[in-house]
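Colleague: Chain B: place on chain A using the hints.
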Amino acid sequence: MGVVIGKTLSLIGRLGRAGQGTHIPRPPVIIWLPAVFIALGVLLPQAYLVLRALGAGGEIWELLFRTRTLAILGRTVALVIAVTAVSLAISLPLAWLTTRTDLPLRRVWSVLTALPLVIPSYVAGFTVVAALGPRGILQQLLAEPFGLERLPEIYGFPGALLTVTAVSYPYLLLALQAAFHGLDPCLEEASHSLGYGSWDTFRRITLPQLRPALAAGSLLVALYTLRDFGGVSLLRYETFTWAIYIQYQTSIDRMSAAALSLVLVALAVTILLIETRTQSRARYYRSTVGVVHLPTQRQLGRWRWPALGFCVSVVLLTLAMPMAILVYWTTSGMSAGESLRLAWGSALNSAYVSGLAAAITAVAALPIAILAVRYAGKSGRLPERVTYVGFALPGIVIALALVFFGANYATPIYQTLGILLFAYLILFLPQAVGSTRTSLLQISPHVEEAARSLGRSVRQTLITVTLPLVRPGVLAGAALVFLTTMKELPATLLLSPIGFKTLATSVWSATSESLFAQAAVPALLLIVLSSIPMALLVTRQPKEIS
Amino acid sequence: MSRVAVRCQNVSKRFGQTPAVNGINLELTEGSFLALLGPSGCGKTTLLRLIAGLETPDHGTIEVDGKFVSAPGLFVPPEKRRVGIVFQDYALFPHLSVADNIAYGLARSADRRARVEEMLSLVGMRNFQKRMPHELSGGEQQRVAIARALAPAPEVLLLDEPFSNLDADLRSRIRNEVKDILAYARATVIFVTHDQEEALFMGDRVGVMNRGQLEQFDRPEAIFHTPATPFVAQFVGTADFLSGKIENGSVATEVGKLPIYDHLPSGMTVKAMIRPDYLDINPAADGLGEIIDRVFQGMHYLYRVRLPSGATIRSLQHHTRDYPVGERVSFHMNSDHAVTCFESAKSNGDGMVGIVRDEDKNNNQ
Chain A
0 MGVVIGKTLS
10 LIGRLGRAGQ
20 GTHIPRPPVI
30 IWLPAVFIAL
40 GVLLPQAYLV
50 LRALGAGGEI
60 WELLFRTRTL
70 AILGRTVALV
80 IAVTAVSLAI
90 SLPLAWLTTR
100 TDLPLRRVWS
110 VLTALPLVIP
120 SYVAGFTVVA
130 ALGPRGILQQ
140 LLAEPFGLER
150 LPEIYGFPGA
160 LLTVTAVSYP
170 YLLLALQAAF
180 HGLDPCLEEA
190 SHSLGYGSWD
200 TFRRITLPQL
210 RPALAAGSLL
220 VALYTLRDFG
230 GVSLLRYETF
240 TWAIYIQYQT
250 SIDRMSAAAL
260 SLVLVALAVT
270 ILLIETRTQS
280 RARYYRSTVG
290 VVHLPTQRQL
300 GRWRWPALGF
310 CVSVVLLTLA
320 MPMAILVYWT
330 TSGMSAGESL
340 RLAWGSALNS
350 AYVSGLAAAI
360 TAVAALPIAI
370 LAVRYAGKSG
380 RLPERVTYVG
390 FALPGIVIAL
400 ALVFFGANYA
410 TPIYQTLGIL
420 LFAYLILFLP
430 QAVGSTRTSL
440 LQISPHVEEA
450 ARSLGRSVRQ
460 TLITVTLPLV
470 RPGVLAGAAL
480 VFLTTMKELP
490 ATLLLSPIGF
500 KTLATSVWSA
510 TSESLFAQAA
520 VPALLLIVLS
530 SIPMALLVTR
540 QPKEIS
Chain B
0 MSRVAVRCQN
10 VSKRFGQTPA
20 VNGINLELTE
30 GSFLALLGPS
40 GCGKTTLLRL
50 IAGLETPDHG
60 TIEVDGKFVS
70 APGLFVPPEK
80 RRVGIVFQDY
90 ALFPHLSVAD
100 NIAYGLARSA
110 DRRARVEEML
120 SLVGMRNFQK
130 RMPHELSGGE
140 QQRVAIARAL
150 APAPEVLLLD
160 EPFSNLDADL
170 RSRIRNEVKD
180 ILAYARATVI
190 FVTHDQEEAL
200 FMGDRVGVMN
210 RGQLEQFDRP
220 EAIFHTPATP
230 FVAQFVGTAD
240 FLSGKIENGS
250 VATEVGKLPI
260 YDHLPSGMTV
270 KAMIRPDYLD
280 INPAADGLGE
290 IIDRVFQGMH
300 YLYRVRLPSG
310 ATIRSLQHHT
320 RDYPVGERVS
330 FHMNSDHAVT
340 CFESAKSNGD
350 GMVGIVRDED
360 KNNNQ
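So the sequences go chain by chain: A and B. Using numbering that gives the first Met the number 0, the first residue of the first sequence is number 0, and each one after it goes up by one. Using numbering that gives the first Met the number 0, the first residue of the second sequence is number 0, and each one after it goes up by one.
Heads up, a few of these hints could be off.
As the list claims (entries may be wrong) - A few chain A residues facing chain B, derived, Cβ under 10 Å:
| id | residue |
| --- | --- |
| 1 | Ile442 |
| 2 | Arg451 |
| 3 | Ser452 |
| 4 | Leu453 |
| 5 | Gly454 |
| 6 | Arg470 |
Claimed, not checked - Here chain A is said to cover these stretches of chain B; the calculated rule only asks that three of the stretch's residues, wherever they fall, bring their Cβ under 8 Å from a Cβ of chain A:
| id | region |
| --- | --- |
| 7 | 74–88 |
| 8 | 91–104 |
Said to hold, decoys possible - Under 10 Å between C-beta atoms, here's a sample of chain A residues computed to sit facing chain B:
| id | residue |
| --- | --- |
| 9 | His445 |
| 10 | Ser456 |
| 11 | Val457 |
| 12 | Gln459 |
| 13 | Leu461 |
| 14 | Thr463 |
| 15 | Val464 |
| 16 | Leu468 |
Because the hints were derived from the structure by calculation, they are not lab data. Ideal Cβ positions, reconstructed from N, Cα and C, are used throughout, including at glycine.
One chain only, chain A, in its complex shape:
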């Protein structure tokens, strides 16, 4: 077994970056041992799930090829494509308007359009139901003057599309804004000087250069949609995630849930493979660093009012409406005597478990990131690649794998905080590794070599030079993990110890029963609490760059 793993390690490593001529030293034990240990831990439950599902033999194929499975597949793919398309239609003009034009209050729109990132999909889903659902706010507003009894059905595809798009389009928007900022304006100026007008220049020069960002951003949105559980469940649109949950909740036979999970995993892996393809191509499109001058601002002229209207409506729909509904239900709930005490208990639980997850994940990310950056090549990048599991696999699948694994092999930690934290570790390790890795890449290896030539051993160099320098990245990673753990729903639902309520599970259970007032308080608290690390992250950034 050990030999097989060792061989695989070196084999996959060779596929990576080895042999490019850079010198790769042998990693010290204090780095590679924990990294390999963590990587194996991350892989174990997933491997178990696959083995279990495949071990079922013929019946698994029957399960997979039922018409119901195909219907779910169709619905899932339809939603993924629709959300990505709508996000593109919103983000491309928004990104251009907020980076390249004289749009009034440009910076304000830039910040406001990124903010929906802090809203979890199930909170967005709750506000959509509360606003547009039967007996929702809109219906009640229209009932008096027009006597309107029913609105068009919001449950199903339209609601899911609205909900998931509202919370996921900022990923694409941010990628595009960054790409616009990175573009060398000289290229566009060269095109103008060669006789091309604005539209032709955009089509022939700007757009091709945005392609990597378009691809990467779209795939982030697609992956978000595929993995989303809360939003689609509350809007009763049966994609894989919800189907898996229902299957798990209702049937004693868990094989169906496992089988559905495998299809979902295959879909996610397909999307990720497309992403890695475009990433490697992206390098060719990277514009030169060190742009000397800023691009000239485009005068919108008479288009500025329609452009402003567009920004206002996006912000209204994705940010102002959800927040207004949360505030409305909170105040009306409180005046109706709704107790806040329950929400405070959940808030403490959320903060406690998220804090622990952030600390554990940030520490676990260190050896993996160091191995991947400083000892890239041979087998150095393998543990990092293994952690991508958390990106590829939806939370519901990881949770399910841990349920199977925990119930059979890890009974002492099953239904304890331990197994929940383990799920968070698997899910969010890529974020922490990514953040630490970025920080490490900014440190010249010469700095560590200088420490060595000044008489310090590998371990001493690690402690006195590498760790202090990488600290901002580690902290940013921890903040990011804290934020996402606060919002996480499916794993929390499946793995929390009995009676352990968090803000996320409170919102979910209250909304499922249409208790809007009860859902609003924890939802608002959740947004406020997770905005704190978000704000820290945003304000810290400029300092880190220097």
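Modeller: This is chain B only, laid out in the frame that chain A set:
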């Protein structure tokens, strides 16, 4: 007889299929200052890193201060070699102040503080000791990096292209300062550069490297006047080559007989190296050459002259000697310069090919 500070014997290192350093032999006595010169990608930085212990050689042995540090089955880690290094990007610890950077390599002891003070004065940075590295200019960072490397009193100090990140005017000033500091510290220094002028100025020994090999290891004057290979001739200074035949201790070329350095057998066909300052040109209606190009350099004109054989040579003339393109000129040897000759087979523009290829490699780094 002074001791040997660094000895490399048959040192080789390859990365994948490309040999970076190929059978280098080198011996440096204590207190000497070696400038390793060569085009980018010639392996000079790799040789430096091999000596520092930041790379392991594939073959050969390296000794520092008479002790083997790299040999088959033996590898002394960098922290045990007493070899200091100053990187091209200085690599100061960004989280430590100037004083703490310098103190980093010193053991905790009573005189640690004093040594830091001493180093700060040596590099003239006493007033900067509380500053953080990002608050320093490039030249100041450079001096801190040197002070930090010198503080533990290393056997050998290695400098990797230390001036390449500085502006042109700052560069010549800092260069003088660093030369003084290192002379004062009496360190044995190996210094890597791709700038020939810098190498000739800084080193009391110059090693010219090309494609992983040491082409010549000599005094700066010898490198310039009696290059060992056509590559060295073209890389250090400007050189043109004229075909000729050895006749009784001189070489007969189309511009006349020229004195030579070495005793070569009569009748041998050679390429004679001509530097632009060797030959004067004068307008003459029946002159051998024709001016085909001229470049104004301020104090001088650099003329390119075509000979009957089709070969061209360059001639540097004072700016008062202003001749138009197309003018016919005759040649005069302007001094008693002897010229260096290479066997004809060797000088087939071989050196130029090497330079071009190494520049390409540089772009990929």
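Colleague: Does each hint fit the structure? Answer for all of them.
Modeller: Hints versus structure:
1. Ile442: holds, 8 Å
2. Arg451: Holds: closest Cβ of chain B sits about 4 Å from Arg451/A, inside 10 Å.
3. Ser452: Holds: closest Cβ of chain B sits about 5 Å from Ser452/A, inside 10 Å.
4. Leu453: Since chain B brings a Cβ to about 3 Å from Leu453/A, closer than 10 Å, the hint holds.
5. Gly454: This interface hint holds because 5 Å falls under the 10 Å limit.
6. Arg470: holds, 9 Å
7. 74–88: holds (count 11)
8. 91–104: holds (count 6)
9. His445: With a closest approach of 4 Å, the His445/A hint holds.
10. Ser456: Nearest chain B Cβ about 6 Å off; hint holds.
11. Val457: The hint holds - Val457/A has a Cβ within 10 Å of chain B, the shortest such distance being about 8 Å.
12. Gln459: At 8 Å from the nearest chain B Cβ, Gln459/A passes the 10 Å test, so the hint holds.
13. Leu461: violated, 13 Å
14. Thr463: It holds, given that the least Cβ distance between Thr463/A and chain B is near 8 Å, below 10 Å.
15. Val464: holds, 6 Å
16. Leu468: holds, 6 Å
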